[in-house]
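For the sequence shown, this note's numbering puts the final residue at 171, and the numbers step up evenly by one.
No more than 20 angstroms apart at the CA atoms, straight line, and that leaves these computed lysine to aspartate or glutamate pairs for EDC-like:
1) 64 / 95
2) 116 / 103
3) 143 / 69
4) 38 / 103
5) 64 / 134
6) 123 / 154
7) 79 / 124
8) 123 / 152
9) 143 / 103
10) 64 / 137
Read the hints as simulated data drawn from the structure, not as lab findings. Given the structure is predicted, the values throughout are model-derived calculations rather than measurements.
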Amino acid sequence: MFINPSNTTLFQLVKPLPFGKFLFNRWLNLNHSYGSGKFAPYVISLKPMYCETLIHFRRAYKNNAGHFKHSIIMQLCDFTFHMALDSQSKLVIQRRPYKLEMEILKEAKSQISAICDLQEQTTKNKISLFVHDLDGDQIAVATYHLAAEPKAKN
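Working from the sequences, and respecting the hints, build out all of it.
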């Protein structure tokens, strides 16, 4: 019987192989659609409850001023959030995100990376993601608001 592994398990299996990260990202971008067809994030690190992704600066992601489109930054945050929750399916089913707040601190002109670490979250109903550029400057902060836990049926 074949059991479909989670993305986290698959990433840990192929990471030590030659070109393992590249093959995983290629498989991920070919088999999953994330909004626009040209959106292709690169997973740098994927552990249970932790994900770090990177997106290169492409012409399709630019606005007229030469910066990243805000919709691409939001897609990157959404992708990173769901990849971090991939191994925690019980949390996803019980606590659905209902609101995303995005605060753009600075415009980005180079590739950006997003980090979602669920183990360091202090508040119960909010999850924060941080977006940085190559220089290490913080570009944006995304905050997911989770729905309240369902009441136990007696």
